[in-house]
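J.: Sequence:
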Amino acid sequence: MIDYRGKQVLITGAASGIGRGLARAFAEQGATLDLLDRNAEALGQVAEELATLTSSRIACVDLGDSAAIADYAARRGGRPLDVLINNAGVEYATPLSDTGAQADAHWQALLDNNVASMLRLTRALLGHLKDGASVINQASIWGLKGVPGFSAYVASKHAVIGLTRSLAWELGGRRIRVNAVCPGWIATEAAMRSLRVMAAEAGRSEEQELATILAAQAVPELLTPADLAGTFLFLGSALATPITGQALSVSHGEVMH
Numbered sequence: 001m002i003d004y005r006g007k008q009v010l011i012t013g014a015a016s017g018i019g020r021g022l023a024r025a026f027a028e029q030g031a032t033l034d035l036l037d038r039n040a041e042a043l044g045q046v047a048e049e050l051a052t053l054t055s056s057r058i059a060c061v062d063l064g065d066s067a068a069i070a071d072y073a074a075r076r077g078g079r080p081l082d083v084l085i086n087n088a089g090v091e092y093a094t095p096l097s098d099t100g101a102q103a104d105a106h107w108q109a110l111l112d113n114n115v116a117s118m119l120r121l122t123r124a125l126l127g128h129l130k131d132g133a134s135v136i137n138q139a140s141i142w143g144l145k146g147v148p149g150f151s152a153y154v155a156s157k158h159a160v161i162g163l164t165r166s167l168a169w170e171l172g173g174r175r176i177r178v179n180a181v182c183p184g185w186i187a188t189e190a191a192m193r194s195l196r197v198m199a200a201e202a203g204r205s206e207e208q209e210l211a212t213i214l215a216a217q218a219v220p221e222l223l224t225p226a227d228l229a230g231t232f233l234f235l236g237s238a239l240a241t242p243i244t245g246q247a248l249s250v251s252h253g254e255v256m257h
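If you're matching positions, the sequence shown starts at 1 in the UniProt record's numbering and goes up one per residue.
Accuracy of the hints is not assured; some may be wrong.
[Unchecked claim] So the derived label-pair ranges between C-beta atoms look like this:
{"hint": "1", "residue 1": "R196", "residue 2": "N39", "range": "18 to 24 Å"}
{"hint": "2", "residue 1": "L119", "residue 2": "S151", "range": "49 to 55 Å"}
{"hint": "3", "residue 1": "R79", "residue 2": "T241", "range": "40 to 46 Å"}
{"hint": "4", "residue 1": "S55", "residue 2": "G253", "range": "35 to 41 Å"}
Hints listed in this document are in silico derivations from the structure and should not be mistaken for laboratory results.
By construction, the Cβ of each residue, glycine as well, lies at the ideal position given by its N, Cα and C atoms.
Please work from the sequences and hints to get the whole structure.
T.: Below you can see the structure in the form of structure tokens.
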């Protein structure tokens with residue numbers, strides 16, 4: 001769709017789900033990839049799958065560890081970066097009724113995983129980003145509305161959008177564009193876990209919960225990681241040069257704004 005030959009693209013959370021789908025999409029367009037994840041074994045499998053399409057470098061990095069990120073940035077060397085995709089994150093329920101000993105820690109850990117990690121990596125790679133580069137942050141339609149029982153995840157995705165808009169201003173002088181993508185319901189393991197939690201809370205079957213979710217969409221179908229590829233390929237390209245500080249809803253019409 002868009003020629004990425006000669007372009008360097010870094011994707012976090014690349015070992016599974018959306019990140020894995022994005023790695024394939026950019027590889028198919030000729031990009032040279034840096035793939036980061038905490039799961040070294042799964043990351044190696046992704047690199048093997050893409051070996052016939054492009055060259056890729058993999059790194060097992062804990063994005064919660066500033067020292068590990070600094071070490072990765074140093075090992076990466078002076079290779080320029082055209083596109084940075086901050087995709088890594090976690091999703092789990094944090095109901096207000098949870099008063100367990102670990103409730104606060106679970107809440108804070110989710111924000112650290114989903115927001116602070118993006119800031120840490122972007123800051124560490126500032127010197128690697130080309131002038132005119134593109135940074136794309138993974139948000140969610142839950143960053144555009146409220147959802148009961150998932151306050152930490154919802155707050156984290158609202159924060160991702162705020163971070164995106166602030167960084168767009170900070171990096172605009174170098175013509176670096178910073179945007180967020182807000183996917184709707186995707187057929188990933190994490191999303192299906194949340195669906196099961198919501199179904200149990202509502203006293204419905206998983207099939208009934210899915211039917212309720214799809215009824216709220218203009219196009220009543222689950223998204224797949226491949227469905228998001230075009231949006232990321234576009235935002236990373238010169239075609240999207242005037243677009244920065246935006247949160248694009250990719251949700252089959254569940255959220256329109």
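J.: Now look at each hint and say whether the structure bears it out.
T.: We went through each hint and held it up to the structure:
{"no.": "1", "hint": "R196 with N39: 18 to 24 Å", "in the structure": "22 Å, holds"}
{"no.": "2", "hint": "L119 with S151: 49 to 55 Å", "in the structure": "21 Å, violated"}
{"no.": "3", "hint": "R79 with T241: 40 to 46 Å", "in the structure": "23 Å, violated"}
{"no.": "4", "hint": "S55 with G253: 35 to 41 Å", "in the structure": "38 Å, holds"}
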